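J.: These protein sequence lines are chains A and B, in that order.
The numbering of the first sequence is our numbering, which starts it at 40 and goes up by one.
The numbering of the second sequence is our numbering, which starts it at 403 and goes up by one.
Note that these hints are calculated values from the structure, not bench results.
On a predicted model such as this, the values are computed, not experimentally measured, just so you know.
Don't be surprised by glycine CBs; every beta carbon is placed ideally from N, CA and C.
It is possible that part of the hints are untrue.
With a straight-line cut-off of 20 Å between C-alpha atoms, the simulated EDC-like cross-links for lysine to aspartate or glutamate are [what the hints assert, rightly or not]: (1) Lys902(A) <-> Asp434(B); (2) Lys901(A) <-> Asp434(B); (3) Lys318(A) <-> Glu416(B); (4) Lys601(A) <-> Asp286(A); (5) Lys318(A) <-> Asp286(A); (6) Lys314(A) <-> Glu418(B); (7) Lys314(A) <-> Asp434(B); (8) Lys54(A) <-> Glu130(A); (9) Lys710(A) <-> Asp848(A).
If you want the footprint, here are the derived chain A segments under chain B, 3+ residues with CB under 8 Å [stated by the list, open to error]: (10) 281-291; (11) 756-763; (12) 901-913.
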Amino acid sequence: MSGRRSEGGAIDRSKPISFRWAGKSYQGYAGDTLASALIANGVSIIGRSFKYHRPRGLIAAGLEEPNGIVQLEAGAVTVPNVKATQIELYEGLSATPVNAKPSVEFDLLAVNSLFKRFIPAAFYYKTFFWPSWRLFEPSIRKAAGLGDAPAERDPDHYEHRFAHVDTLIVGSGAAGLAAAEAAAALPGNERVMLVEADFEYGGGLLSAAEPVEGLAPLAWRDAALARLRAAPNMLLLNRTMASGFYDHGLVALYERVSDHLPPEQRSGPRQRLWKVRCKKVILATGAFERPIAFSGNDLPGVMLASAAQTYARRYGALAGTRAVLCTNNDGAYDAAFALHDLGCTVAAIVDSRAAPGAGADAARQRGIEILAGFVPLAAKGRRAVRGLEVAALGGGVRRRIACDTILTSDGWNPAVHLHSQAGGSLAYNEGLQAFLPKGAPQDAISVGAAAGILDSDTAIDAARAAMRGEPVEAPVQAAVGPTRRFADGDTRAQTAWLDFQNDVTVADVQLASRENFRSVEHLKRYTTLGMASDQGKTSNVAGIHVLSGLLKTPAPAIGTTKFRPPFDPVTIGAFAGRAVGEDLAPLARTPSHAAQVALGAKMENYGGWLRPAYFPQAGESEQQTIAREVHAVRRSAGLFDASTLGKIEVKGPDAAEFLQRIYVGGVRTLKVGQCRYGLMLSEHGIVYDDGVFARIGEDHFLVGTTSGHAAAITETLHEWLQCEWPHLRVLVENVTTGWAVMNIAGPKAREIFAAVGTDIDLSADAFAHMQYRAGTVGGVPARVQRVSFTGELSYEIAVPWGYGAALWDALMEAGQPHRITPFGVESLMAMRIEKGFLHVGSDTDGTTYPQDLGFGPAIAKKKDDFVGRRSTMRPDGLREDRRQLVGLEVTDGGPPIEVGAHVLPADATEARGTQGWVTSSVYSPTLERPIAMALVERGRDRMGETVRIWDLGQWRAARIADPRFFDPAGERTHG
Amino acid sequence: MLLITCPHCGPRAEIEYRCGGEAHVERPGPHDQVSDQAWADYLFYRANPKGGHRERWLHVAGCGQWFNVARDTITHEIAAVYPMGETLAEGSAA
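The following block holds chain B by itself, in its conformation from the complex:
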């Protein structure tokens, strides 16, 4: 079980969180100009990498806030926690 440091509440056990999957997935639009393929990419296709991964987490049993996590999917090492709407500079972590 992971130990994740919520940017608002501090380190808490994974059971307090919900994982929202890959971060930085762009929602395409407007709806009448999006191809089936582009919409399918957005809805269903994920990188699922072995190694460094950026993902969204929600502190559902805490402050109720979403944030981003850079986690290694093999070692589970968490390299960074950063706010929604921000990106992580390439090479800075995970």
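Chain A extracted, bound-state conformation:
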């Protein structure tokens, strides 16, 4: 609890902000992050670790932070697992730690920490495999829990934006700003965009002290920003992170539009996902500092040198009162100076190099002791740093230094993530002990620290040169010093952390190495190193260095794990954008929708259409409703809105020839005005769709498809025409929503149809079953097909979509004397099962050939090839034990059999060796008994055979039968 506020920083001390952390009130300032405000308030423990529940503090100041993940706000707007370093402080902000119960100060599960040496890498997989991992998983997951997902619906909305730019610059540090200015000045660069993930522009300049091109860092930044804001071709976006680099110059940007405001002040979208197509991308994404692994390096108070520097210079927040810097490079000395100059004692600088660089003199001038050739061994303290034990690198001399803060720097890793996602390769730089971007994939050029150039002025020059088309190369820089390696068996390795968020230690990597996990990808999965939400930004390269030492293999030969988007977590809401709820897949409505709803229809989603399941009346059960509707159709007349049926016009001199190649049956011989049932296959021979097609002119066909399948069939027909038979002169057009279709069915159908008024001769001789007529109905142009899925006398009357509702009303009115009854999809299904009519998708699956449905003879009769024909002749199609579609009569007096129940032989005693399954099943109101259809091995040869049916432990009895249960001769249909 030694953190405090110092002088200086870019915060606005005239705007104090109150916020709550873990239930207590604190104060910060405008310009603070939650992280900097907590440090300034002396909060050193920010959470408990994932696996061992060890107390943890902040180690970074940016998005690489592994420990400081919090639950932001509560209720519907709550966000789990946000990094405190990314949360801009606002008035009334409230956040809590995610992995500590009851509190970070006293955590019940910290007992895990005592058993640390018993929970090495892969411990759970090795230990909890008997009797089943699933038995243990829930409690283990709970112990290892991160934040809680919101239980309520997200009240915010999100949006997507698209943009095309000439140059996109990612990052607004010195190199990014310099590149942006050069890009804006480039002739022909009409659109230039610069994005910064932080709310402040400036990157490393925000915590620097050294002059930049002779100016104070912030003065240089302000001047550059002013020039960019004045450029007419420049778009600047802060709070916007480039989250992914995809093909052909596509970069995804994640803009947090209103997250920085108190929830009640937010308006418009909360976040915005940009998809930006870029001709050129400048990656000025900076670099991440590597922590040093030593025993107890996870104690609150140990942090990255650059983080302490940022907290001090940018936020005026000091992490402690007495610090030690452990480093292997010159750059980190600036962190010690930042703290020293703001009043924090720097007890010593522990430099692994025997001969420290130029920084040493500046340190001595400040009176800071330098321990050259020394490395940290162990941090001392239980819940906070109390001291540091250091040792000479070669062994021997040891010292203990009292301190409350330990700064560490093991060098820098360029943020090569986007470069790598763009397809770029990496080159290992021995001097920096880091992977640097190589080349410029997709014209994406890395500049500045992202290219390994750590000095500002050099980076600025290189960025400008890059915009002139010159290659970027990191200059020769002072090599980083050595890093202490752990001997196999060194017990300190068990408490030397690499991956803080996933609790992976040096000992875990040693174990993986002993067990021969030599690939870095395997190491990652086995130990979970780098698999947390920070994706190993502070741990991956450190882990590679440890593995390299153990395997005696150079780091470049080990390589890195693959960098995948997103660079940093993006909310699901941003990915979804507006495509949520009903807007994800809007439901289509039929012309009579309003009338059906007014009649009390129970509407359901059938393949993207809102359709009535049935029309219940007061006090009716579902089965009673369906029975009433079926009886009405069978005894008098029913009305059904069939507008959803697919309607495709196929027209042209070769239309008949084309469809001859599409349908299983013949087409050429069909006469004008006639309809025919058609079955379509995929090229794999599998039943794909069915429907009635009509020849409405010599070279003009109307192809009917199942509901919801019209678009797919149209696309398939186009594919065959354009790709296989481009010489056929045929046009194909999907007219499904051009024509409303009302289906009037039942013995009184003709009378009711006639009463609406039509110029079509409806007499049985003039207009027979399976015929098509065009004319007018109620004064409106109409296309009428006499077809039947109910088994009754039936007309499908199509009128232009806009007249559909009027036709529904007219038929309902004309049918009043006959008690016309609207019926729904479920009643229609009951009637088609009574007739044994096939329903593709219910009675067929992805293995059903046409011969399984009884189309074998029809195929044999046809000479021509058609789509899928050759596939039906493959050895699998010729097997004699194929499952065939048959009817089932329930013989045990019980209720209908469940669809999906298995069919077994009559002498079966156990549920194995299935011979097929039930595909459709219903209680038949007409026959007053349950009936079913099933795909059964050799079913057609087994008519009359008794079978046993098994369904989830229950045995039933049935008899294989002809599926035409009702009116098998079709006399009613032809009436």
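Place chain B on chain A using the hints.
T.: Only chain B this time, still in chain A's reference frame:
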């Protein structure tokens, strides 16, 4: 996400298209004279090369037209877009 230049509509994002797999696959026939192996080659076997590849694409959310694309499967570079029914001269691209 690829940026594909539809020959009819111009450059559009990949989400507007559907990939139809390898181009120039010959459909064997007539059906009663095709061996099981020849039919299986047509149905299932594809070159799946690392590098230059000719494939069919459909501008499904645009003009609804099919066309051919010569694309490098490693770099995703599109060397040529050409109409159905045409072939690309050897060595001319990808």
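J.: Evaluate each hint against the coordinates.
T.: Results for each hint:
no.: 1; hint: Lys902(A) <-> Asp434(B); in the structure: holds (10 Å)
no.: 2; hint: Lys901(A) <-> Asp434(B); in the structure: holds (12 Å)
no.: 3; hint: Lys318(A) <-> Glu416(B); in the structure: holds (17 Å)
no.: 4; hint: Lys601(A) <-> Asp286(A); in the structure: holds (16 Å)
no.: 5; hint: Lys318(A) <-> Asp286(A); in the structure: holds (12 Å)
no.: 6; hint: Lys314(A) <-> Glu418(B); in the structure: holds (14 Å)
no.: 7; hint: Lys314(A) <-> Asp434(B); in the structure: violated (51 Å)
no.: 8; hint: Lys54(A) <-> Glu130(A); in the structure: holds (10 Å)
no.: 9; hint: Lys710(A) <-> Asp848(A); in the structure: violated (34 Å)
no.: 10; hint: 281-291; in the structure: holds (count 5)
no.: 11; hint: 756-763; in the structure: holds (count 5)
no.: 12; hint: 901-913; in the structure: holds (count 6)
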